[in-house]
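Novice: Residue strings, one per chain:
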Amino acid sequence: MKVKTPSKLEKVLAAGHVAVTSECGPPRGSDPEVIIKKANLIKDHVDAINITDNQTSVTRMCSLAACIRLKLMGLEPVLQMVTRDRNRIALQSDILGAASFDIYNILCLSGDHQSFGDCPTGQNVHDIDSMQLIQTVRHMRDEHKFLGGADIERPPEMFVGAAANPFADPFEIRVPRLAKKIAAGVEFIQTQCIYDLDKFELWMKMAGDRGLTEKVSIFAGMTPFKSAGMARYMKNRVPGIEVPDEMIKRMADTPKEKQAEEGIKICIESIERLKEVEGVRGFHVMAIEWEEIVPEIVEKSGLYPRPSVE
Amino acid sequence: MIVADKKPIEEIIEEIKGHEKILILGCNECVTVCEAGGKKEVGILASALRMYFLNQGREVKIDEETLERQCDHEYLEEIRDVMDQYDAVVSLACGVGVQFMAEKYHTTPIYPGVNTCFLGATEKRGLWTERCQACGQCILARTGGICPVSRCAKRILNGPCGGSDHGKCEINKEIDCAWQLIIDRLKALNSLDDYEQLSPLKDWSTDRAGGPRKVVREDVQE
Numbered sequence: 019m020k021v022k023t024p025s026k027l028e029k030v031l032a033a034g035h036v037a038v039t040s041e042c043g044p045p046r047g048s049d050p051e052v053i054i055k056k057a058n059l060i061k062d063h064v065d066a067i068n069i070t071d072n073q074t075s076v077t078r079m080c081s082l083a084a085c086i087r088l089k090l091m092g093l094e095p096v097l098q099m100v101t102r103d104r105n106r107i108a109l110q111s112d113i114l115g116a117a118s119f120d121i122y123n124i125l126c127l128s129g130d131h132q133s134f135g136d137c138p139t140g141q142n143v144h145d146i147d148s149m150q151l152i153q154t155v156r157h158m159r160d161e162h163k164f165l166g167g168a169d170i171e172r173p174p175e176m177f178v179g180a181a182a183n184p185f186a187d188p189f190e191i192r193v194p195r196l197a198k199k200i201a202a203g204v205e206f207i208q209t210q211c212i213y214d215l216d217k218f219e220l221w222m223k224m225a226g227d228r229g230l231t232e233k234v235s236i237f238a239g240m241t242p243f244k245s246a247g248m249a250r251y252m253k254n255r256v257p258g259i260e261v262p263d264e265m266i267k268r269m270a271d272t273p274k275e276k277q278a279e280e281g282i283k284i285c286i287e288s289i290e291r292l293k294e295v296e297g298v299r300g301f302h303v304m305a306i307e308w309e310e311i312v313p314e315i316v317e318k319s320g321l322y323p324r325p326s327v328e
Numbered sequence: 051m052i053v054a055d056k057k058p059i060e061e062i063i064e065e066i067k068g069h070e071k072i073l074i075l076g077c078n079e080c081v082t083v084c085e086a087g088g089k090k091e092v093g094i095l096a097s098a099l100r101m102y103f104l105n106q107g108r109e110v111k112i113d114e115e116t117l118e119r120q121c122d123h124e125y126l127e128e129i130r131d132v133m134d135q136y137d138a139v140v141s142l143a144c145g146v147g148v149q150f151m152a153e154k155y156h157t158t159p160i161y162p163g164v165n166t167c168f169l170g171a172t173e174k175r176g177l178w179t180e181r182c183q184a185c186g187q188c189i190l191a192r193t194g195g196i197c198p199v200s201r202c203a204k205r206i207l208n209g210p211c212g213g214s215d216h217g218k219c220e221i222n223k224e225i226d227c228a229w230q231l232i233i234d235r236l237k238a239l240n241s242l243d244d245y246e247q248l249s250p251l252k253d254w255s256t257d258r259a260g261g262p263r264k265v266v267r268e269d270v271q272e
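Protein chains in written order, with this note's numbering: chain A, 19 to 328; chain B, 51 to 272.
Hints are computed from structural coordinates only; laboratory data are not their basis. Note that CB positions come from ideal geometry on N, CA and C, so glycine has one too. One or more hints might be untrue.
Okay, the calculated beta carbon distance ranges per label pair [stated by the list, open to error]:
1) A168(A) with T158(B): 49 to 55 Å
2) E175(A) with E246(B): 27 to 33 Å
3) G34(A) with S241(B): 39 to 45 Å
4) V265(B) with S133(A): 31 to 37 Å
5) V266(B) with P138(A): 37 to 43 Å
6) E246(B) with T139(A): 49 to 55 Å
7) L165(A) with T172(B): 39 to 45 Å
Bound conformation, chain A alone (with noise of 0.2 Å):
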């Protein structure tokens, strides 16, 4: 497969392995060390580490600074952008500033609403939504130009990603919307966290069959649990998530004490059977605030070590 830019983790997918990606979310200070401790502890395991932007629309460093600390630590960042917080001169701004520190991925998204973060009485932009941001990014990279028409002086190049969840409703348009997003020109895709293997391996056959595994790489989301209660607040409090009551169950059964434990195993063996789905082409595992926990669920998953491409 040829590649259309310098991303280390295209050339992984193009390798023909399977990728793995993790995430850090930067912290609610300017302290440079929490960004360098958190990859410092998954660097060696994964491909590429996505910087959350302001997740959860709680305020946070910048995913662009974030983006290149790891960059300056010679590393492989993912620029999450979110399509709430800057309208199209900001988002093509912030495209050229990452472009400029060589950053060679972007994951396209809308954000989630800032009713749940630390500002609910701002106000919103959504000058343009996370399809709209995939076709800006493109348009920027394989045309040269702004969306206004002018030529860009050294375009960026970017490895064009995004999210799809394969458990939000109505179920009947995830795979439409899959299509649009590819479409749009998007490259990879990060889905929502994985815990209802059958509808998600129902998904993944539905787009295979209108060809559309090809066309993308799949990379299937993984959160382990680190306890019963986190395995309930993600059924039962987290939009667009499904947990099977089984997976609760087991969670539940389990000694508090060997909970966490208990958590990763299901993860792993998650991982061993979605392997196996046609069209998975890779793993993004976040464990959020949870990153050291990362080396070990990827070392088990039999995925480590990771392969070196040029």
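Got chain A sorted already, so can you dock chain B onto it with the hints?
Specialist: Quick look at chain B alone, frame taken from chain A:
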């Protein structure tokens, strides 16, 4: 119609407490339908204010009037003869009426008596919901007659986002997911295939973003 809601009376009192001759001015249009600023609400507010000032031991003249509209010159002229009797007006019209009054009666303070909320419809008595944000470039033909600009919390033109949950919006279980409604309607119209058409970047220059707007129709001007 324009939907408004009552302002807390404490807030109104705080604004007008320095005045002695006050006109409470209602509007017979939208704010009457949404029961926030019609003749009835003018009466209720006026009585409450009279009671308040009486309890304060103050003599404040509170009069009532309701115009056919506060967004038309001719109706606002109807009170020109009596305006010199008042040192303040509380307008229960929408923000348009309040401002038009202020423009017309330049030296009299005009205070808003309602909060203007949105362009919406009466679902049932006591329940009004938003339908339009007047973006100036209607896309309803492409979205099954349901507006994602006004009805999606993120005004997503290619929705739904991942927060659509059993037909409801993630921000509030009382709010329908606009994109669920759009998909249901496209299905009812037998045109679900249209869902896969990408909606292009919207031109927001006709929206608030483009600055104060004007509709000029020379064909109907006198």
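Novice: To test your reading of the hints: which numbers does this structure violate?
Specialist: 6
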